[in-house]
Amino acid sequence: MATKTDTSISRRSFLKWSGAATAAAVAGGQAPVLHSLAYTGEKSTGSEPEYHFSACGMCLNKCGLVARVENGIVTKLDPNPKFLKSRGMLCARGNAGTSQLYDPDRLKYPLLRKGERGEGRWQRLSWDQALDLAAEKLTKIGEEYTRCGVLFTPGSDMQSQFVHWFAEVFGSYNVTTHESNCLLSRNRAYLDTFGEVPFADVLHSKYIIMAGANRFESIITPDSIDLMTAMKKGCKLVVLDPRFTKTAALAHEWFPIRPGTDMSFFLAITHVIIHEKLYDEKYAQEKLYGLDKLTEHVKKYSPEWAAKVCDIPAKDIRRIAQELAAAAPAAMIYPGRRTSDYVNSTQIRRAMAIANALLGNWDKPGGLLAARMVGTTGPELPEAPFYDDNPDDRLDHGSAHIMFDEEGSFKHTRDAIIAGKPYPVKGWFTYKINPLQSVANRRKTLEMIDKLDFMLTVDIAMSDTAWMADLVLPAPSYLERQDPAAGLQGSSACACVVTRDPVVPALFESKPVFWILRELAGRMGLEEYFSFTMEEYREQQLRKLPDSERALREDGVYYNPSKLYGIYEGKIYKTKSQKIELYNERYAEMGLDPMPVCKPLRENVPSDRFRMVVGRNAYFTHCTTQNNTLLNELMPENTLWIHPNPAKKLGIRDGGTVILSSKSGEGELKAELKKGIREDTVYMASGFGVLSEGLTNVFGKGACMAEILEDFTDELSGNMAMHETIVKVARKGAS
Amino acid sequence: MKTQLAMVIDSSSCIDCKACMVSCKVENKVPGGYWRNWVKQREPRFGKIPGAKDPAAQAEGCRTWIIQAPDFDKVKGYGDPGSMHFQPGGCMHCANPACVQACPTGATYKDEKDGTVRLNDKLCIGCGCCIPACPYGARYRHPEKKIVDKCDFCAKRRERGELPACVITCPTKARTFGNINDPESDVARLVKENKTVRVVNEETDTEPNMYYVLTTAPMNWPRKAESPTPIRWWASLAKPLVWAVVGLNALGVLVMFGKQLIIKDEETEK
Amino acid sequence: MIRKMMVVLLGLALTFTFTFSGIAGEKGNKRKGKYTFRTTCRECHKPDASAKEMGPDSKTQAQWETVFNKEKGKYKELKCYKEGHWKDKKKNEALTEKDLLNIFTYLHAHAFDSPSPAKCK
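So the protein lines, in turn, are chains X, Z and U. Be aware that the first sequence starts at 1, since it is given in the numbering used here, and climbs by one per residue. Be aware that the second sequence starts at 1, since it is given in the numbering used here, and climbs by one per residue. Be aware that the third sequence starts at 1, since it is given in the numbering used here, and climbs by one per residue.
Next up, chain X with everything else stripped away, as it sits in the complex (with noise of 0.2 Å):
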């Protein structure tokens, strides 16, 4: 079976399954044939355009799209009506893919530093001068510093796998992704919880409680657009943010919580259900590890005593309660994703899960799901060679206290990098990922970068981190690659998949991470690791699926029609009391709290300083798409929110600019009064104030996030920690 897909759509078929499958995907559908409102004077003249399926790459979603080709060029994007995970849309990220593949900003051969780092002097090199130093200067470190001396750190992408496998047959377990400043405390709280973690069914949900999440900004499919269809079918929605976030201005109610007290209100939450016995006591039994324990341990967290400290209203987090207990199974506390903010992230999140099991929403619908089946196998590849010299374990094992084998600490791996401890790290490859703008402490990633002999960047465009390389390699945009098959998972929408072939071929010199590893492989003697094409691999990923070649081919996506609900009828939990977890054994055998115990804040705010807070918009993916023409139009600059009264105080008026600074760096920006922020509180977006010149639409505005944030990191899971920072706030000019 070949599972080259030709994704290009004749005209024809494509209007039949665009009149019927809107219909079926989009809910409310409206028949999109407008054969008989068709206009019909004057045609345009030019040739047919042609239409392929691909997925998204703008951000992590993947969604379905349809790529618009007129005389080689790619003119428009459309979603792909029959792709349900994300309910038949594209987001202005979406759209705004075309000005990725046509940016004049793109990278267009190898460029090798020639000046000092930063400086941006570059000398261009051919492909093959390239690789051979590449390969060169990775094998002498690994010679010298051991395999492990190479930290590898791939972006979220559909070839990011290659990058991993390179790593693993290159003998380095020193990968990190962009997770340990993400979801890792979520991860953590949920397996330590539920023993897996969830998909959250927001569509069939009545009752949903967002704390430390912006799903109508920060889109995930299908989550965000089921959270406006589950609310118009009835769901209310009740939101905890210290800013008032597109999604607090579309919910039923917005709580400005003080930052960092999530715990005590889903305490206080736990409180009112279990003492007003408003949970199922039958399902308890069942399922539950530990609610003796946990009733006396929320004893004392009653709502009066979370008022205190959340500053939400003891009668509304009882309201809150009851409604929510009311609703259950069908109510949640929605997971969230990035929930790299505090110290004790994973205990929070904990705290919001052990509310969950109360709900007994798990595997039901409008709760928690579990994962599905969606069927892609791991390609049978031949066996990593071991490296008996390696050390041990990573680089930053052991620096948190239940950390993710495979994912680390990206902050603990910097710091031991800078010590030089256990051992030296001296080189570092980066695929599509930005951790100079992405990371907090900026300084110390340049401090890291000052550790390296060699640095190789991978990506599209001169992101900061490229800028910083010795040697930056262009690669295609997601229109000009063929991709592995991408299984996802997407809630109560479906279990799929989807793959890429080119849209177009790839322009200038760009070439894709997957080919420059293979022949770095070829170069260092590991061209057995890699002696796969891309139609092999993906071949063997859907060789259990014989359907999916037609089906991604005619429709896109291949779907698996996967169990969705009751998948845990009859199963253990994956968890030591193999229930679910309210109290967590193996916390308590670690010295750990087994139960969230909620502490004070690391550090309250002064009342001349700030907390800062950072979260995301619809235009940009964390710190990528900023110099996006058409994306940078809708947010030209970053500012920092400010409420109206400090701001008075502080001499400080709108559009007036602002110096930021912290314990770890500063930063000039201008000021946006709102009203929607707590006055202890101010906001950035991220992906502003780059060194790199070569972000022409940026270069020069706004503050960066990294800059300003200091490096805390989850105590339990080793995630960062990026809402500790206390700021100063300035006017400029003020002595």
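Be careful, since some hints might not be right.
Here are the in silico distance ranges between beta carbons for each label pair [claimed, not checked]:
no.	chain 1	residue 1	chain 2	residue 2	range
1	X	E48	Z	K145	22 to 28 Å
2	X	K233	U	N69	52 to 58 Å
3	U	K82	X	E296	48 to 54 Å
Derived lysine-lysine pairs resembling DSBU-like cross-links, with alpha carbons at most 30 Å apart [to be verified]:
no.	chain 1	residue 1	chain 2	residue 2
4	U	K52	X	K563
5	X	K287	U	K59
6	X	K444	X	K426
7	X	K579	U	K72
Hints in this document: simulated from the structure, not taken from any laboratory. We treat Cβ as the ideally placed atom computed from N, Cα and C, and that holds for glycine.
Go by the hints and put chains Z and U onto chain X.
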């Protein structure tokens, strides 16, 4: 009954992601700094809201304030004056379009076949009279093409049987599109099943073909259509003339003449 | 801080003793264990192979402890062990105690109910 293409918008679904704006911009090659469509917003009013359920915050000494949107089941729309509201929009393809009246050359016209307000690029002299005439600011002077560009409900896409770019891409499907005169269409059904409102300036109701489900906000932004007096008589006089001249293949001369005349008019207006 | 560290160390020590009622008294190398497991066991225990598919998350930590218990380890009763399949393929020698400890460490660290459950992929 004649076809009248229209858009019905449920603005309470809008999450202000701006997908419709970017999609439109790419589809219609709208230059940087300009838009054919938009998402407007009503700013929230913080603090104690009249009629809000429970503004009990201060009583308990919490530094908190609550914005409560009305319950969906009791909804009369997001009419609560305290809550933020997003409102997608664009050219409303009015039944009584002021821009058509203001156009001195007949470049802007109401398409007989589908009821859209269209622009004939070849006839447009870029005078810009239609710009102040539109109460919605839906027209802009294209910096390269030297014409006054506007939304055409994605005519080229419709030729191919595709939905307008802003409609197909919308995550929450806030925009619905179709023939309002066809009782079987989704737009007609929505208008029939719901109370709808149209955003108009009371002094110049151009009878827009954009309907908002239940209610929407902000409502007070359309301006009074303005069409300079000389233009009005010129337009009425010149339009038949222009068409005649087009027939005679002597458009260029008249365009030059018209351009001079109009530039003068614009200056006198200032 | 020091107190906290003590608690952690104590905690870790406890886990350690708890874990190593297993095959030996010293710490295994889970990465080496993964390699040895894959090169020795996977041929038969991979999906669709002759024996049952087996990876770290096929059993709980307690179950792996039972399998690899030094005195009464159930592994000795396994058919494939008795038939002599547990050997270093390159050297054609039986696996050493150290090898078994490594394998156990790997399987235990990623067991079904471990902090990071994993398949053998």
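These are the hints, each one checked on the structure:
Checked against the hint of 22 to 28 Å, the C-beta distance between E48 of chain X and K145 of chain Z comes to roughly 24 Å, which is consistent with it. Restraint check, K233 of chain X to N69 of chain U: a C-beta distance of roughly 55 Å satisfies the suggested window 52 to 58 Å. Between K82 of chain U and E296 of chain X the Cβ separation comes to about 51 Å, which falls inside the hinted range of 48 to 54 Å. Among the hinted pairs, K52 of chain U with K563 of chain X is consistent with the structure: their alpha-carbon atoms are about 24 Å apart, no more than 30 Å.
Between the alpha carbons of K287 of chain X and K59 of chain U the distance comes to roughly 20 Å, so the proposed pair stays at or under 30 Å and holds. A threshold of 30 Å between alpha carbons decides the hint, and for K444 of chain X with K426 of chain X the separation of about 16 Å falls inside it, so the pair holds. Of the supplied pair hints, the one linking K579 of chain X and K72 of chain U holds, its CA atoms being roughly 28 Å apart against a limit of 30 Å.
Comparing the model with each numbered hint stated earlier shows that all of them hold.
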